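**Q** Construct all of the structure, not just a fragment, from the sequences and the given hints.
Residue numbers (the numbering used here), protein chains in the order written: chain A, 1 to 169; chain B, 1001 to 1360.
Keep in mind the hints are simulated off the structure, nothing from the lab. All values reported here derive from a predicted model rather than from experimental measurement. Honestly, I wouldn't trust all of these hints.
Listed below are the simulated BS3-like cross-link pairs for lysine-lysine, each with C-alpha atoms no more than 27 Å apart in a straight line [said to hold, decoys possible]:
hint, chain 1, residue 1, chain 2, residue 2
1, A, Lys-122, B, Lys-1149
2, B, Lys-1199, A, Lys-122
3, A, Lys-27, B, Lys-1152
4, B, Lys-1284, B, Lys-1191
5, B, Lys-1151, A, Lys-122
6, B, Lys-1244, B, Lys-1199
7, A, Lys-157, A, Lys-122
8, B, Lys-1237, A, Lys-155
Letter by letter, the chains look like this.
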Amino acid sequence: MKQCDSDGCENEATVHLTKVVEDGIKKEHLCKVCASKQGVDTDQPADMSEFLSQVGAASGGGTSSLVSTCPSCGMDRPRLKKSMRLGCGLCYEVFSEDLETVIQSMHHSEQHVGKVPSSEGKQAQYTRELAILQEALGTAVLQEQFEEAATLRDKIKTLKAHMEAEVDA
Amino acid sequence: MSEIQDILTRPSAWISRGGDSSIVISSRVRLARNFYAHKFPGWASEEESAALWSDVSSILAELSSIGDCVSVQMTDIEPVDRLVLSERNLISREHTERGVGAGIVLALDERVAIMVNEEDHLRLQGLRPGLGLIEAWEQIDAIDSEIEKAKKYAYDMRLGYLTSCPSNVGTGMRPSVMLHLPGLALLNEMKPVVNALGKLGLAVRGLGGEGSEAMGHMYQVSHQITLGNSETDMVRKLEKIVAKIVGDEENARKRLMQKKPEVVHDHVGRALGILSNAHILASKEALDHLSGLRLGVDLGLIRDIHSETIDDLVLRTRPAHLQKEAGRLLKTRERDIERAKLVRRLIGTPAENNSPDQRI
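**A** Structure, rendered in structure tokens:
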């Protein structure tokens, strides 16, 4: 369960907003009560409900979204739904909720573990290594290879320490 | 432009046999890449696509890891020449129909072909004869690393390389091999192979594109899933599975020769008979019989025809290659006549050579 973003509110966030702000987009997760305080009408679901039901993601119940157009390229939800082709890189962020189940059902994974462009810097490289190690750890545990699992756990520990040291520096 | 004509009019550099297995015809690794803060090709305007081509083609021409290459826009290539490129698998069929901003950067040795403004900004392809996925990946990887230093890619920490279609996010990589599997096909054993590969996340399709039945018993096997596996894991997995299929095919051929030798002799003999004597030969018919001939050479049943001649014919009998060679557009019936003429000339008629039954 994801908690409502509002200060002091402990309700489950069922309204997920994507707002266009000056330097890109901002995501907010609110409960129904706090959302209606902000003037969001959750009883009138946005036009994505039909799309979501098509891609099998309608489990969110009261899920709604304000943004249906990518601020960078102008791609909109109806056209995305029709062609299943995105307009630009930012579309992946703007339409992330729509794409989540699609990507999961295509790849059975949510994390890239392949090549990282050198421009992404050390942290990206570490994140990728961490993902690979964690996957290997999962496999080792499943196959009851506990010695291997212990080695992998130590490697993950060391890597995490490196990552934190980099951030502090 | 003359350089691309040189490539188009000479025999393909990579369909020739590599290694000791004739079962693996060729290997390919492609990477899908897009640039940061640029609309994907399918959504960009003509002006934006044209600007991206001029920017990117000059970057690609300077790459040291690609070697000597030629770069040309699709609008500057004759329609028949575009189809020749597609028949050689250097560009996709879709790319032959793209307009402003779409182009290709092609290494003169045909081992690297980069499509610009296809479904994604870049489709980097490494090609090798025979089984050579690792070498193809290593070269493409080096080219990719050089490009990213010159221009920033659209990349996300979680989703990896961002692509026009969500089916390619992550590595953006699709490694594939083209296999010749007449033994399994003649034993009606392709279906279980296709099903087993599907369960492993691999796709099998026949020569001639998606949905078509396998012409000439040629099958392309590719790794489809791009998220959650590293590039080297994907390539290694496919190489391992290809080795297994090659073993299955060799085994099928042995069983065929032991249990149904007359079926094999008949298959090969008919192929030779028709190719040597036909005066009207359709594209699929030619490929199917060339496949029979190829099997005959592999099994030592035919000794006086080189396998290179057959592989050369596999390409040269395709519609665009025939028209390129004729130097003019040909209608279907004219192509069938020209195709038969070319095959008779290269395979030899019984009057000029030995009779078919003396060969087998």
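**Q** Each of the hints needs a verdict: does it hold here or not?
**A** Tested hints:
1. A:Lys-122 <-> B:Lys-1149: Distance ~15 Å between Lys-122 of chain A and Lys-1149 of chain B Cα, so the pair holds.
2. B:Lys-1199 <-> A:Lys-122: 36 Å, violated
3. A:Lys-27 <-> B:Lys-1152: 25 Å, holds
4. B:Lys-1284 <-> B:Lys-1191: Holds, because 21 Å separates the two Cα atoms, which is no more than 27 Å.
5. B:Lys-1151 <-> A:Lys-122: Holds, at roughly 19 Å.
6. B:Lys-1244 <-> B:Lys-1199: The hint holds at about 15 Å.
7. A:Lys-157 <-> A:Lys-122: 17 Å, holds
8. B:Lys-1237 <-> A:Lys-155: 25 Å, holds
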